[in-house]
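J.: So you can see what is in the structure, the chains are spelled out below.
There are 2 protein chains.
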Amino acid sequence: MGGSLAAALASTRACRRIVGVARRRSTLATARAWRFIDEGTTDLAEGVGHADVVVLCTPVNDIIAKIKGIGALLKPGCVLMDVGSTKRAICAAMETLPEHVQPVGGHPMCGKETSGLTMAEPSLYQDKVFVLTPLERTSPQALGLAYELVQAVGARPLLLDPARHDRLVAIISHLPYMMAVALVNAADALARQDPLAWTLAAGGFRDTSRVAGGSVPMMMDILLTNREPVLGTLCQAREQIDKLINCLERGDDVELQALLEAARRRRTEVYR
Amino acid sequence: MGGSLAAALASTRACRRIVGVARRRSTLATARAWRFIDEGTTDLAEGVGHADVVVLCTPVNDIIAKIKGIGALLKPGCVLMDVGSTKRAICAAMETLPEHVQPVGGHPMCGKETSGLTMAEPSLYQDKVFVLTPLERTSPQALGLAYELVQAVGARPLLLDPARHDRLVAIISHLPYMMAVALVNAADALARQDPLAWTLAAGGFRDTSRVAGGSVPMMMDILLTNREPVLGTLCQAREQIDKLINCLERGDDVELQALLEAARRRRTEVYR
Chain S
3 MGGSLAAALA
13 STRACRRIVG
23 VARRRSTLAT
33 ARAWRFIDEG
43 TTDLAEGVGH
53 ADVVVLCTPV
63 NDIIAKIKGI
73 GALLKPGCVL
83 MDVGSTKRAI
93 CAAMETLPEH
103 VQPVGGHPMC
113 GKETSGLTMA
123 EPSLYQDKVF
133 VLTPLERTSP
143 QALGLAYELV
153 QAVGARPLLL
163 DPARHDRLVA
173 IISHLPYMMA
183 VALVNAADAL
193 ARQDPLAWTL
203 AAGGFRDTSR
213 VAGGSVPMMM
223 DILLTNREPV
233 LGTLCQAREQ
243 IDKLINCLER
253 GDDVELQALL
263 EAARRRRTEV
273 YR
Chain H
3 MGGSLAAALA
13 STRACRRIVG
23 VARRRSTLAT
33 ARAWRFIDEG
43 TTDLAEGVGH
53 ADVVVLCTPV
63 NDIIAKIKGI
73 GALLKPGCVL
83 MDVGSTKRAI
93 CAAMETLPEH
103 VQPVGGHPMC
113 GKETSGLTMA
123 EPSLYQDKVF
133 VLTPLERTSP
143 QALGLAYELV
153 QAVGARPLLL
163 DPARHDRLVA
173 IISHLPYMMA
183 VALVNAADAL
193 ARQDPLAWTL
203 AAGGFRDTSR
213 VAGGSVPMMM
223 DILLTNREPV
233 LGTLCQAREQ
243 IDKLINCLER
253 GDDVELQALL
263 EAARRRRTEV
273 YR
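Chains S and H are the protein sequences, given in the same order. Each residue of the first sequence is one higher than the last, beginning at 3 in the numbering used here. Each residue of the second sequence is one higher than the last, beginning at 3 in the numbering used here.
Just chain S, with the same shape it has in the complex (with noise of 0.2 angstroms):
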């Protein structure tokens, strides 16, 4: 997210200087090599001291860490923004930074399950919805930058209080990973009587299960940090199985029908 975020930036000059902070030396001078960034640092203080804008892109739970002692390291004035997936936990932390920072949760809708700097493509967020949940105490100013921010790398920004897009992430985002998970383990579970199984599995099975193969600890952050709203969905997803087991087991294939058409209708609408 990190790497693309920059090489996006970069290939449209949009900022005066990029300035990549990793862990790794050898990340950041790929990334200059890329021309993704002008400057690297392994030393975050270093990276962020002269910044009019920071934005975090790390799991969400390292952001939160990073949040609790960045507000020093910052210039007044400087804008803290972050690509999180859940919201509520980011801008609670957020809450606790010193005055003289600006901070702007934000969460571009453009998730893949590969990561690292060698998958950046700077057209990732290209007409994707990216998500801004400001606290009260940001300035209009700050907004404004993270507005620029945002359209510089070719997205459409979207305002939200965290609450609501946690509650709405976990639908359309969390949802769709626990469902692929359950269906791999039901499935794994299943082809363990006769593992010929995975001999047949073909597109159907690969694109509905592909969310399961992402990163599990970037997950559990996000899971962890929603877990209301997800249980919520998955409850939902039980009753929607319970369904379609009941037309089953009682050979009501009017209503079945009803129930896979509703399905289709909507898959349609959404994706025209």
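A few of these clues could be false.
To spell it out: a stretch of chain H is covered by chain S in this simulated footprint if at least three of its residues, at any positions, have a beta carbon under 8 angstroms from a beta carbon of chain S; those stretches are [as the list claims (entries may be wrong)]:
| id | region |
| --- | --- |
| 1 | 77-89 |
| 2 | 124-138 |
| 3 | 223-233 |
| 4 | 261-274 |
Where chain S lies over chain H, by a calculated footprint (3+ residues, C-beta under 8 angstroms) [what the hints assert, rightly or not]:
| id | region |
| --- | --- |
| 5 | 19-31 |
| 6 | 56-69 |
| 7 | 144-153 |
| 8 | 164-170 |
Pair ranges (Cβ atoms, derived) [as the list claims (entries may be wrong)]:
| id | chain 1 | residue 1 | chain 2 | residue 2 | range |
| --- | --- | --- | --- | --- | --- |
| 9 | S | E150 | H | Q153 | 56 to 62 angstroms |
| 10 | S | R166 | H | E251 | 36 to 42 angstroms |
| 11 | S | E263 | H | E101 | 37 to 43 angstroms |
| 12 | H | R18 | S | D129 | 47 to 53 angstroms |
| 13 | H | D54 | S | N248 | 43 to 49 angstroms |
| 14 | H | E48 | S | D196 | 38 to 44 angstroms |
| 15 | H | R274 | S | R34 | 30 to 36 angstroms |
| 16 | H | G118 | S | P219 | 41 to 47 angstroms |
| 17 | S | R26 | H | D64 | 46 to 52 angstroms |
For the record, the hints were derived by calculation from the structure and aren't laboratory data. C-beta: ideal position from N, C-alpha, C; glycine also.
We have chain S; now place chain H onto it with these hints.
T.: Structure of chain H alone, referenced to chain S:
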């Protein structure tokens, strides 16, 4: 499926003559213009009367209906194949064919939600598994011809008993479909309170729900000719969802992580 099969056979010149049978003359005209077929007819008797091999490429229940009347139209020794997605019901119907017909059930593992001749592609079967379910009465010569046809379109033949085939596809094809249906219907129910959810839907939801956009009549045929195996997979999926719900409710993050990791490991092994 039929269009792609004709296109693949035509491109490798595997057949002396390819005759297309369709309901609409316009379909046949297009198939001829694209050189997928040598001749076309809307009359089944005329189309299959001189054939050495006939492949039925319609939804499961229509295949079964066609099998019932087609025997008298076929010449002695004619190999009758199909590409239907379930095999017990079709092979049971094949048992009733007159003795001069040589039946071989088939199922290429390369479904797509799009159908119709305009979506046909000669490479659809390339490197895909193509299940063959011969009957006890099927002669080695007939099975050999079916093998040749499968290999001519670039697919890999796999011999299976019809019941085993149906159990296996329930796991890796019908369960993913039902999970996608449950996901879309759950998201639909949840998003009723806040339709903005759909604005945030990204690649994860798109891929996990893709197969729910498939043809409902086709899927109804499949589910109703594979009711028991599908029910079994759905009950297993419900168990897996219950496990995830329990972990989140009890705060058992160690077990939750283990479930996510198991899914990730299996998914990564299957699609290296």
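J.: So, for every hint listed, does it hold in this structure?
T.: Each hint tested on the structure:
1. Counting residues of the region 77-89 of chain H whose beta-carbon sits less than 8 angstroms from any beta-carbon of chain S gives 0, not enough to reach three: the coverage restraint is violated.
2. Proximity of the region 124-138 of chain H to chain S, defined as three or more residues with a beta carbon under 8 angstroms from a beta carbon of that chain, is established by the 3 residues found.
3. A count of 5 residues in the region 223-233 of chain H with a Cβ less than 8 angstroms from any Cβ of chain S is obtained; the coverage claim is therefore met, three being the minimum.
4. Under a criterion of three residues with beta carbons nearer than 8 angstroms to beta carbons of chain S, the stated coverage of the region 261-274 of chain H is upheld, 11 such residues being counted.
5. Chain S is given as covering the region 19-31 of chain H, and this is violated because 0 residues of the stretch bring a CB closer than 8 angstroms to a CB of that chain, at least three being needed.
6. Look at the region 56-69 of chain H against chain S: 0 of its residues bring a Cβ nearer than 8 angstroms to a Cβ of that chain, fewer than three, so the hint is violated.
7. Using a Cβ-Cβ cut-off of 8 angstroms, 0 residues of the region 144-153 of chain H lie near chain S, which falls short of the minimum of three, so the contact claim is violated.
8. Given a C-beta distance limit of less than 8 angstroms, the hint that chain S covers the region 164-170 of chain H holds, as 3 residues qualify and 3 suffice.
9. The beta-carbon spacing between E150/S and Q153/H, approximately 59 angstroms, falls within the hinted interval of 56 to 62 angstroms.
10. For R166/S and E251/H, the hinted distance range of 36 to 42 angstroms is not satisfied, since their beta carbons lie about 23 angstroms from each other.
11. Separation of E263/S from E101/H is about 42 angstroms and conforms to the stated range, judged on CB atoms against 37 to 43 angstroms.
12. Against the hinted window of 47 to 53 angstroms, the Cβ-Cβ separation of R18/H and D129/S comes to about 51 angstroms, which satisfies the hint.
13. The given range of 43 to 49 angstroms is respected by D54/H and N248/S, whose C-beta atoms sit roughly 47 angstroms from each other.
14. A C-beta distance of roughly 43 angstroms is found between E48/H and D196/S, which places it inside the suggested range of 38 to 44 angstroms.
15. About 32 angstroms separates the C-beta atoms of R274/H and R34/S, a value consistent with the hinted range of 30 to 36 angstroms.
16. A hinted range of 41 to 47 angstroms for the beta carbons of G118/H and P219/S is consistent with their spacing of about 44 angstroms.
17. Between R26/S and D64/H the beta carbon distance is about 59 angstroms. The supplied range of 46 to 52 angstroms is therefore violated.
Violated hints for the displayed structure, listed by number in ascending order: 1, 5, 6, 7, 10 and 17.
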